[in-house]
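What follows is the residue order along each chain.
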Amino acid sequence: MADLAFDPKAVEQLSPPLVTGQPSLHDVTEAVSIHTEIETHRNWYIALAISGSVTLLLGAMLAYLIATGIGVWGNNNPVGWGWDITNFVFWIGIGHAGTLISAILFLFRQKWRTSINRFAEAMTLFAVACAGIYPLVHVGRPWRAYWLFPIPNADLAMWQNFRSPLLWDVFAVSTYATVSAMFWYVGLIPDIAIIRDRAKTKLRHTIYGIASLGWRGSATHWKNYEKAYMILAGLSTPLVLSVHTIVSFDFAVSIIPGWHTTIFPPYFVAGAIFSGFAMVITLMVIARWVFGVEHLVTMTHLENMNKVILATGTIVGYAYATEFFIAWYSGNEYERFTFINRAMGPYAWAYWTMVSCNVISPQFFWFKKLRTSIPFMFVLSIFVNIGMWFERFVIIATSLHRDYLPSSWGYFRPTIVDILTFFGTFGLFITLFVFFTRFLPIIAVSEVKGMMIQTEHEKHYLPATTSGSTEPVKAH
Amino acid sequence: MADHSSIHGVVADFDSPDTLLDAVRAARAKGYTKMEAYTPFPIHGIDEAMGAKQSILGYIVLCGSATGLITAVLLQWWTGAIVYPLVISGKPLFAFEFAFPIMFELTVLLSAFAAVFGMLGLNGLPRLNHPIFNYSGVAGSSDDRFLLVIEASDKKFDANETKDFLASLGAEKLEVVEA
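As they're listed, the protein sequences go chains H and Y. No gaps in the numbering here: position 215 of the first sequence is 215 in my numbering, and each next residue is one more. No gaps in the numbering here: position 109 of the second sequence is 109 in my numbering, and each next residue is one more.
Hints may be right or wrong, so weigh each one.
[As the list claims (entries may be wrong)] Output of the computed footprint for chain H on chain Y, the stretches with three or more beta carbons under 8 Å from beta carbons of chain H:
#1 44 to 52
#2 79 to 86
#3 114 to 121
#4 126 to 136
Treat the hints as calculated values from the structure; they're not laboratory data. Here a beta-carbon is modelled for each residue, glycine too, at the ideal position from N, C-alpha and C.
Build the full structure now, drawing on both the sequences and the hints.
Here it is as structure tokens:
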């Protein structure tokens, strides 16, 4: 054991480098800030034009929906929740990986999170923005959406029903959105100050100066800042688990067969992390290449995320099996019917798409060769995203389309408005990213620097003969 | 003691966190008390070296948590059982079981507000300007430089003497900064 611990090669193998090529602190500042400072590339405008047009499409669809009514969607009786709630759960689930990376991995002192947390947190925020649209417009009269909140007002001479999980959801999602936004911004303050200090023009200096709130990186600042960051991480950890738990209560607290089950909270949380990590892989593979930060977001990061995908994908597969077992074991005929119908009924195509994407595809990540292959992980992450969208669709549509009375059976078909609205949310998601990656540091610069210095110090605790293989971090 | 009202302090510019930490310890040993370090990332052990007290942010957050929790209980109890009692599905007008999710969410929400605004408050942010920005090399403190400032408000402060002392600690650049 001792030999293993003090052999530099073995140490390297056990904890591969998180920053490759031994850049100096200044190199890191440079690598991360430069993309906000260079002249805007033509491709940026092209990307913005495309994603912006898709966002406009979203706006048009929403305007049409609000002007006309929910009837423009495929929602019907008995399938009263269609793509709107599917997409809501899909987007909110994606957000969960960002909080997991920024909060839970922080508390577990997982140093590999530092290069990807900023990007993942941004993803959380943008995904929650997309998710929030759906329940808002699904209420039918969005101009009355403030009725969801306990605001005393003359129009509504009554109070909200706090016994309803739908109201819990209002609180959970709005708290999640607010706390994620604050966590993200607090993380950004010192890094915005870096861009301010590097600013060449007065205007840039002023804008980034205001955005950094006058941060000056004094020891007092850092002391309170680190405490705040730690507390926010500690708060976000149970928060992220609670959000998807409460989203699952929307289903589990009802008495619909296929929804009324205690497995939902952990199963939803695992699924959310699964889909979120897949989305981080999809976006990070592109971003690290576009912005040339392969030395900061290394294969180690990607491989670790793929391991999380494998683990949570397996949990999700196990949950599917448990659901089927309980449907049989409970002896409840409605429950049993629902599950047989799920796998063999009119939505069997959706069910088996979900199983192939979510249960079978992540199993390929048992092979190191596949989980370290960029093209393979990119394709697989898209499969997982598709599979997790289908999971929500299957849960909602299959449970609703067969009511207790066969006379009220039905089938859900999306309309063109459903499809274009969902397509449009991707436009919004990408547009927000296009702006984020242009104007803000996409990697938490000060955290990466702190991590580099800390790693350097840890090496000093090894016997002198072993630390000679790597050069110390140079300041400039 | 000379009049230092127009001087903020002396800035010493170091090239690594280790030399900065040594300098802080040396300055403390010399008897300086009013000093501040400016670094691109948090340096572990610098608070102890400067003799700074622990952050009191935790207590502020605790007040936020308590406010959130109490608000959630009172809100759900008062609206559901007092001003607008309505029996729904035979459930009680108020019970902690169904009140729990919102108690949790409001506790987290107000704690997070307390953490963020408490941190900004303790740090005196947002703030438009600060004397340290008069230092010509201040931009380095967010990149790869490690600054130590001995402030003019220190009893032992003397522009020349303090400057000589800091030079002896291996500072690569020294500057007297205007207030």
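Tested hints:
{"no.": "1", "hint": "44 to 52", "in the structure": "holds (count 5)"}
{"no.": "2", "hint": "79 to 86", "in the structure": "holds (count 5)"}
{"no.": "3", "hint": "114 to 121", "in the structure": "holds (count 5)"}
{"no.": "4", "hint": "126 to 136", "in the structure": "holds (count 7)"}
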